[in-house]
Amino acid sequence: MSIEAKEHNGAHFLEINDELTIYTAAMMKQELQDVLSKQDELEISLECVSDIDSAGIQILILLHQQAKKKGKTLRFIKHNRQVIDVLETLNLEALFGDPIVLPAKEF
Amino acid sequence: MLDDTKKIFIQESEELLEQMENALLEMEQVPNDAEHLNSVFRAIHTIKGAAGIFGFDAIVAFTHPVESVMDNVRNGLRSVDPDLIALLLKCKDHTANLVEFISGEQEDISETLQEAGKKLLNELTPEQPSELTVTNTNEKIEVSDKRSPSEDHWVISLDFKPDALRNGLDPLSFINYLKRMGEIIEIITFTHDFPCWEDMDPESCYLSFRIALSSSANKEEIKSVFEFALDDCELRIVPPHSELEKYLALLEELTGEELNKLGELLIQVGALTEQELNSALQLQNGVLNDGTTKEIKPLGEILVEQHVVSKDVVEKAVAKQEIIREKIAQETQYIRVDANRLGQLINLVGELVISNAAVKLLVEKHDLADVQEVVSGVEGLVENIRDHALQLRMVQIGETFSRFRRVVRDVSKDLNKDVELVITGGEAELDKTVVEKINDPLTHLVRNSLDHGFETPDERVAQGKPRKGVLRLNALHDSGHIVIQIADDGAGLDTDKIRKKAEEKGLINVGQELSQREILRLIFEPGLTTKDTASNISGRGVGMDVVKRNIDALRGTIEVDSERGKGTLVTIHLPLTLAIIEGFMVGVEQERFVIPLSMVEECVEMNTDEWHLDKNSHYVNLRGQVMPYIKLSEFFGVNYQQSHRGRESLVIVKAGRAKAGIVVDRLFGELQTVIKPLGKVFQGLKGVSGATVLGSGEIALILDVQGLIGLASAKTTDVKTLESV
Numbered sequence: 001m002s003i004e005a006k007e008h009n010g011a012h013f014l015e016i017n018d019e020l021t022i023y024t025a026a027m028m029k030q031e032l033q034d035v036l037s038k039q040d041e042l043e044i045s046l047e048c049v050s051d052i053d054s055a056g057i058q059i060l061i062l063l064h065q066q067a068k069k070k071g072k073t074l075r076f077i078k079h080n081r082q083v084i085d086v087l088e089t090l091n092l093e094a095l096f097g098d099p100i101v102l103p104a105k106e107f
Numbered sequence: 108m109l110d111d112t113k114k115i116f117i118q119e120s121e122e123l124l125e126q127m128e129n130a131l132l133e134m135e136q137v138p139n140d141a142e143h144l145n146s147v148f149r150a151i152h153t154i155k156g157a158a159g160i161f162g163f164d165a166i167v168a169f170t171h172p173v174e175s176v177m178d179n180v181r182n183g184l185r186s187v188d189p190d191l192i193a194l195l196l197k198c199k200d201h202t203a204n205l206v207e208f209i210s211g212e213q214e215d216i217s218e219t220l221q222e223a224g225k226k227l228l229n230e231l232t233p234e235q236p237s238e239l240t241v242t243n244t245n246e247k248i249e250v251s252d253k254r255s256p257s258e259d260h261w262v263i264s265l266d267f268k269p270d271a272l273r274n275g276l277d278p279l280s281f282i283n284y285l286k287r288m289g290e291i292i293e294i295i296t297f298t299h300d301f302p303c304w305e306d307m308d309p310e311s312c313y314l315s316f317r318i319a320l321s322s323s324a325n326k327e328e329i330k331s332v333f334e335f336a337l338d339d340c341e342l343r344i345v346p347p348h349s350e351l352e353k354y355l356a357l358l359e360e361l362t363g364e365e366l367n368k369l370g371e372l373l374i375q376v377g378a379l380t381e382q383e384l385n386s387a388l389q390l391q392n393g394v395l396n397d398g399t400t401k402e403i404k405p406l407g408e409i410l411v412e413q414h415v416v417s418k419d420v421v422e423k424a425v426a427k428q429e430i431i432r433e434k435i436a437q438e439t440q441y442i443r444v445d446a447n448r449l450g451q452l453i454n455l456v457g458e459l460v461i462s463n464a465a466v467k468l469l470v471e472k473h474d475l476a477d478v479q480e481v482v483s484g485v486e487g488l489v490e491n492i493r494d495h496a497l498q499l500r501m502v503q504i505g506e507t508f509s510r511f512r513r514v515v516r517d518v519s520k521d522l523n524k525d526v527e528l529v530i531t532g533g534e535a536e537l538d539k540t541v542v543e544k545i546n547d548p549l550t551h552l553v554r555n556s557l558d559h560g561f562e563t564p565d566e567r568v569a570q571g572k573p574r575k576g577v578l579r580l581n582a583l584h585d586s587g588h589i590v591i592q593i594a595d596d597g598a599g600l601d602t603d604k605i606r607k608k609a610e611e612k613g614l615i616n617v618g619q620e621l622s623q624r625e626i627l628r629l630i631f632e633p634g635l636t637t638k639d640t641a642s643n644i645s646g647r648g649v650g651m652d653v654v655k656r657n658i659d660a661l662r663g664t665i666e667v668d669s670e671r672g673k674g675t676l677v678t679i680h681l682p683l684t685l686a687i688i689e690g691f692m693v694g695v696e697q698e699r700f701v702i703p704l705s706m707v708e709e710c711v712e713m714n715t716d717e718w719h720l721d722k723n724s725h726y727v728n729l730r731g732q733v734m735p736y737i738k739l740s741e742f743f744g745v746n747y748q749q750s751h752r753g754r755e756s757l758v759i760v761k762a763g764r765a766k767a768g769i770v771v772d773r774l775f776g777e778l779q780t781v782i783k784p785l786g787k788v789f790q791g792l793k794g795v796s797g798a799t800v801l802g803s804g805e806i807a808l809i810l811d812v813q814g815l816i817g818l819a820s821a822k823t824t825d826v827k828t829l830e831s832v
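Protein sequence lines, in the order shown, are assigned to chains A and B.
Each residue of the first sequence is one higher than the one before, counting from 1 in my numbering.
Each residue of the second sequence is one higher than the one before, counting from 108 in my numbering.
Incorrect hints may appear among the rest.
[As the list claims (entries may be wrong)] No more than 16 Å apart at the CA atoms, straight line, and that leaves these computed lysine to aspartate or glutamate pairs for EDC-like:
1) A:Lys29 x B:Glu666
2) A:Lys29 x B:Asp308
3) B:Lys286 x A:Asp51
4) B:Lys575 x B:Asp525
5) A:Lys29 x B:Glu305
6) B:Lys197 x B:Glu142
7) B:Lys572 x B:Glu527
8) A:Lys69 x B:Asp811
9) A:Lys29 x A:Asp18
10) A:Lys29 x B:Asp525
11) B:Lys766 x B:Glu698
12) B:Lys793 x B:Asp811
Hints in this document: simulated from the structure, not taken from any laboratory.
Computed from a predicted structure; not experimentally measured.
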């Protein structure tokens, strides 16, 4: 499974630990759909996304839209550098509305 | 008596009216072409103005309302329909009548002419100009203006197609790459068009971007970023304001000598990329091919609609185009030159050619090596001058051809036939005098073809031909000659009927054996017509003989080809000019003769063993080709010293399809030949068409090749019939 349930300091969240690209898009969609259908509130960590491309971004956007439509709460957390770059490039931070915490080591 | 001002007015008016007619006929095809509208307006406006200056009030009175109508049409207050064009054509005719009238003696316009004018004007009087015809382009312009970028950024819209990802593209990488071109000020990723989660194919691309880019790169460079994605995305690049200003400035500065197409102009200043132009053109054609909408949108409009180029730039480019067009029009203005002066000039050039030949001869005689070079330099110049001088008299035949549009239109309407005139090769040039003289024969042939040649539309359909007949006028150059072809796809000539008529008239003997070509040639005999009833258009049996005589007078040939049910082709060969030709000089004893070089096929040695000469019937078998030959010495009765029996040469000449041999003693080679007409006394001479003065001051006769071939053939047939008796 490329999506794993994690627990950190008592908070539960999912973590994507694979690439989010055209190669994994089909599989990602399926897995994300499964988790979204099971829960009403979830946090997804993007910390371990090893690579992200346009297809991956599309998945995130669509998942976000879908959650909104179903009245569920979805937050992306722990964006890694690469994801931040893409979101910045495409000016999508505002769309997701998730607070982006820059990893400390970069300061 | 016509005074000079009148003459000028009449001549100019005739030209203007001709332009007007052409423009009107064009408008029948493309009703709203501004160029043609303007041309009609200008013509009538100028005639009115000139008539006013010269005090021809009747013309002013008639042309003024016509001008007003044209002005309304031009301003979009009145729409163009076939009725209006037909009416305007009538107005043109009436104006022509009026112009013709003032060239006459009478002072007052005749009643009938006045009545006709009034009637036309009544028909023309415009109804209340309808508001509907006012074009609604203004609205479109408003819209496009709103969309144009308000800030000084390039605005790039990038819509990827669904297959983009599958085709290995990553939109993200293009945007990253775009960053190298400049600063991305703003980027909007469109997400509202995304499908719902269930319908989403994760491997399809749903991404669209709007990007504001601040960059010093030009459009083509920005476009190149997306070069590999062009097939998989819709790309539009809208330039920033400063860029627009740049385009406008560039357009302003553009000093085009040639008239470029709108798209080319825009590419030149960088406002448009080639691919954008191509897709716009495709769109333009696509609308046409649809068949649903016949109206072709101007390219500029499409470009603005597609937000490829802003309206300002298109307008500027169109304005520039107009300026260049006008400039070209000004540059190609003509100078009116008295034909006599031109004639004098050509005569002088002719003398110059002769004098030059004399100089050359002397230099060779005295073997002046150092002078030789100078002389050959002068010779080159003289040749140039000769060519240019002759060029002055050359006119394109297209103008003559296009006159037939009206003839075809009117006559086919009268006869209830549907015939389209197709003109090709109108740019072929020939001597003005020849053009003038070819007009009547051509008119005759065209009318003949319309009357006899074409079937009625119903008959045509019944025979499985297209309803619309096609009459072709074509001109082309062929070895010093111009070839004019009049081809129709009508019924063709009925050879049986021609034969019967010819037998009735006693032109041929009953049962006489004739080839197809010989029968066809009978139509050039006086008094022969295949039409049972004469109409006011043709069929009286006078004409084809006159046509032939006219063509003969121009040293030309006419041939007819016809296939029953398929059509008829009339081919006319004419010499390009009547003044100076390239000649080929031959000698018989001490006499010199010149054969037009364009008619010389080849020269061979007169050898009885090699060529099977038939000395009795004067036939030669040249490599299997049998043709008559003529001995110049015998023909002209040159005092032949029997002692001189040198080698003889055979010059093979060709006129049209006919060939013949001419036997001469010596060959001298090429010669610039200035044709001097023979005096009246000698005009009846057979086999000679003129004379020329040689450098030595001697005179050489120019052979009438066509006449000689005719004579040679006649002679041989005489002999043949004698023998067969």
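Structure-based check of each hint:
Of the supplied pair hints, the one linking Lys29 of chain A and Glu666 of chain B is violated, its CA atoms being roughly 82 Å apart against a limit of 16 Å. Of the supplied pair hints, the one linking Lys29 of chain A and Asp308 of chain B holds, its CA atoms being roughly 9 Å apart against a limit of 16 Å. As the CA atoms of Lys286 of chain B and Asp51 of chain A are separated by approximately 20 Å, the hinted pair breaks the 16 Å bound. Taking the CA atoms of Lys575 of chain B and Asp525 of chain B, the gap is about 5 Å. The hint holds against a cut of 16 Å.
As the CA atoms of Lys29 of chain A and Glu305 of chain B are separated by approximately 10 Å, the hinted pair is consistent with the 16 Å bound. Between the alpha carbons of Lys197 of chain B and Glu142 of chain B the distance comes to roughly 21 Å, so the proposed pair goes past 16 Å and is violated. For the proposed pair Lys572 of chain B and Glu527 of chain B, the alpha carbon gap of about 14 Å is at most 16 Å, so the pair holds. Among the hinted pairs, Lys69 of chain A with Asp811 of chain B is inconsistent with the structure: their alpha-carbon atoms are about 99 Å apart, more than 16 Å.
For the suggested pair Lys29 of chain A and Asp18 of chain A, the alpha carbons sit about 13 Å apart, so the restraint of at most 16 Å is met. With a CA separation close to 68 Å, the supplied pair Lys29 of chain A and Asp525 of chain B exceeds the 16 Å bound. Proximity of Lys766 of chain B to Glu698 of chain B is assessed by CA-CA distance (about 24 Å); at most 16 Å being required, the pair is judged violated. Between Lys793 of chain B and Asp811 of chain B the alpha-carbon distance is near 8 Å, which keeps this suggested pair within the 16 Å criterion.
The structure is inconsistent with the numbered hints 1, 3, 6, 8, 10 and 11, although it conforms to all the rest.
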